[in-house]
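S.K.: The chain contents come next:
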Amino acid sequence: MPLLVLVAVAAGTQREPPFAAALADFREGRYEQARVKLQRLLVQNSRDAAALHLLGLVEASLHHADQARAYLETSVTLAPNQPTFAINLARFWIRQGKLDAAEEVLQASVAILPRPETYETLGLLRLQDDKPQQALGCFTKSLALAPDRVNARYYVGLTQQSLGQFDAALEAYEAVLLLAPSDFYAHLQSAKILLIRGNLTQALAHLRAAEQEEPSSASVHLYLSRVHLSTGDLDLALRAATRAVRLKPNDSLSHYQLSQVLARLGRMKEAKLERDLFEKYRKFSPANLPEIWQRQED
Amino acid sequence: MTTIWMGFLILLGLKSVPADGERGNPFISVDPSGAGIEFRHFSGSTAVKELIEIMGSGVALLDYDGDGKLDIYFVNGASLPGLTKTDPTQYNRLYHNEGSFRFSDVTAKARVDGSGYGMGVACADYDNDSDTDIYVTQFGSNVLYRNNGNGTFTDVTAKAGVVTGGWSTSAAFIDVDRDGDLDLYVARYVDYHIGKGPYCGEREKGRASYCLPDLFPATHDVLYANNGDGTFRDVTATTGIGSVAGNSLGVSTGDIDSDGWPDIFVANDRTSNFLFHNKGDGTFEEVGVVSGIGYSADGLARAGMGVDIGDFDHDLQPDIVVSNFEGEGLALFKNLGELFFGDVAGEQRLHEATYPYVGFGVGWIDYDNDSWLDLLLVNGHVLDDIEEYKPHIHFAQPGLLFRNRFGRLSQVDSPPGDALASPRVSRGAAFGDLDNDGRLDVVVQHHNGPPEILRNVVQGENRSVLVTLRGTRSNYDAIGARVTATVGGKRQRFEVKSARSYLSHSDPRIHIGLGQTNKIENLVISWPSGREQTVSNLAAGQGYVIQESSRGFKSFPLRTQQVSH
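Respectively, the protein sequence lines represent chains V and U.
Numbering-wise, the numbering used here puts 30 at position 30 of the first sequence, and it's gapless, one number per residue.
Position in the second sequence counted from 1, then plus 1000, gives you the numbering used here.
There could be a bad hint or two in this list.
Said to hold, decoys possible - Simulated pairs of lysine to aspartate or glutamate, EDC-like, Cα-Cα distance not exceeding 20 Å:
{"hint": "1", "chain 1": "V", "residue 1": "Lys131", "chain 2": "U", "residue 2": "Glu1202"}
{"hint": "2", "chain 1": "V", "residue 1": "Lys98", "chain 2": "V", "residue 2": "Glu291"}
{"hint": "3", "chain 1": "V", "residue 1": "Lys98", "chain 2": "U", "residue 2": "Glu1532"}
{"hint": "4", "chain 1": "V", "residue 1": "Lys131", "chain 2": "U", "residue 2": "Asp1385"}
{"hint": "5", "chain 1": "V", "residue 1": "Lys280", "chain 2": "U", "residue 2": "Asp1298"}
Unchecked claim - Computed far set for chain V versus chain U, every beta-carbon distance over 10 Å:
{"hint": "6", "residue": "Glu171"}
{"hint": "7", "residue": "Gly198"}
{"hint": "8", "residue": "Arg243"}
Quick caveat, the hints were computed from the structure, so don't treat them as lab data.
For clarity, every value in this text was computed on a predicted model and none was experimentally measured.
The beta carbon of each residue, even a glycine, is placed where N, CA and C say it ideally should be.
One chain only, chain V, in its complex shape:
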């Protein structure tokens, strides 16, 4: 179950041990234990916004949508100055497919307290809704509030990439890497564009950098395999694709890549098996947020 953004503990506030313990349980996936602890806290103070919010995240993780909604909404009402609460509620609505509700929460939040992360989330919402120009507007607002904000710069690049404006996207990712040289996503997206363009040496360099940051990323090995396949290094391509599949066995793209490599190696029966797995996992669509949210998820 993919995690929603964790609760941001109020700056300078040291929460009491029961809350910290509940937070630790949530992070470790011990949702029932987290719930019990939080409910005890709320018995003592039913208007504890942070506890309500965390309980909302717990219920969402347990697929209790109605309870999750109630807790998250109450926490936002009690703490309208907490942009993270609004963002989490918005993402909850997005998972439910209710983009209008998400929009409403985020707009209300920026009206009270314009924050770069809230504009970023609004921008991602626009991007998901296929409105890239409006998305760019939101990311620009985020950067106006925080010019060195890596996330917003990254999302600008992502938006330009979605428009096929690859030169602009590469520039945006370069700007991210100047601020954060080991930014995994900027390396990965740069690699993707360079791979499309056939700039394999540069793509490889970015993928190696991404691999250093996240050695267990299936995506990195998937794209490494594609680079090697393009250069004709079939053994390396096979190794990378196999690794991608091992790291993420239910990822359809990894199976597709492996099937392509096996076919090129003449191992047709195995290629067919991988194609079948590709088709199988392609049809299986977990209720995750689209890939554009991946950076926030992590």
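Put chain U on the given structure of chain V with help from the hints.
M.R.: Same frame as chain V, now just chain U:
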């Protein structure tokens, strides 16, 4: 030594070099009305938004009367929901080429006005009686018009056994078994019923929209084998064509793996593309996905519409271009040999250039006669209200031209006012030399509007040759014949085919750009019958008709010679 028999004289007006490579495209738009063409496409648009309304129709360039000039046949839609042509403005139209870009409407005399909702067209001499017949695909049942040889046609669909049914799109004549007569491949779209589809759009706002094809079952295409007596038999199941189903739109054919047997490529809309590899034993194996051309590199089934096959990089392997939807980019599948392909559209920068557009008609054409196949693509969205959802995407879109220099493609600028620059809602496109001046022209079908005739007026010193092949043991049109031309010591590969682009049929003659070389040193023809024939020293600036023959040879002056063995 072979003699060359020229069936017609090519006018030389061949000072043709593009002005400056990538600045300014060489096409000018000929006013269709001024040319005598009053045709206007009719989609039968309704408030219900039936899916068929957005597909457009095809156009064919064919010499139906054998006078050496390409005539034009436009396919048209019909009224909905009845799917019948209720008004002469909805008829298909055949225009006779009078020369100098003047045409006359001969539809009534020819009796080819169509009946139902027309989609695509394929032309060839299916009965080997030396004249070109016409096959029109439709929604519901198709029509085969047999050319009577006197300016008229007869509807022989039922007798020939090629009615088909369902929703047919593109079609291709192809001699799959190399027995000397042309078989017929018919692509089909989804299983759709007019008036019975689901509601798509925002019902509460009263805004109907066109449904995605995903909502309807895919269907298999159909292959008919020619019995040699004017009739066909359905061999879909026995050949393996019926083993897969897709949302087929574009078709092209060619010997992809150079094993002597013609293969079939099908562009599918949101299902994987098909590559039917001809095994030479009466069966086909579908290898699209394993070959690397089924899906994008990201494993996505794109919305494939138009297709063309051509050797763009002079490695003597046929490569495949496919037009796709906005956000997907054009696909250029480079042939790596052994039935493997790699999409090089990205490194050619075609992917980015075509990203905002919905591509339909597409074709490899050496517009500047420099011997390198250039690429022309016409576009137009399918949603007439797209700008309300995506303000950066437009319903009407410009066409795109890419010049090929030594295997590198780069976009040719089309400033405002240029023919291709005007945003249109384009669909079918056919390529051919309408005025026999050695420069390839284009005819485009625009959705719910008059067509566009793009006359090629490229200037410079480059020259070309037009070759018509005539089979004797092979099918008369020589469809499936492979030609390798040696020009200036370098070899280029061509193939005669009946299907390319989107729903359309192009000039079947082989156009060979020579650059500034003054002759083709050798032309090696691999006929579908298996016969190999070599013709040497074809002078630039000429047209040739080369016949597959086993008797003697004659020698004639270059402008009036025929080649025979």
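S.K.: Each of the hints needs a verdict: does it hold here or not?
M.R.: Okay, the hints, checked on the actual structure:
1. Lys131(V) <-> Glu1202(U): holds (18 Å)
2. Lys98(V) <-> Glu291(V): Distance of about 18 Å is within 20 Å: holds.
3. Lys98(V) <-> Glu1532(U): violated (66 Å)
4. Lys131(V) <-> Asp1385(U): Within the cut-off at roughly 15 Å; holds.
5. Lys280(V) <-> Asp1298(U): holds (16 Å)
6. Glu171: Check passes; 14 Å lies beyond 10 Å.
7. Gly198: violated (3 Å)
8. Arg243: holds (17 Å)
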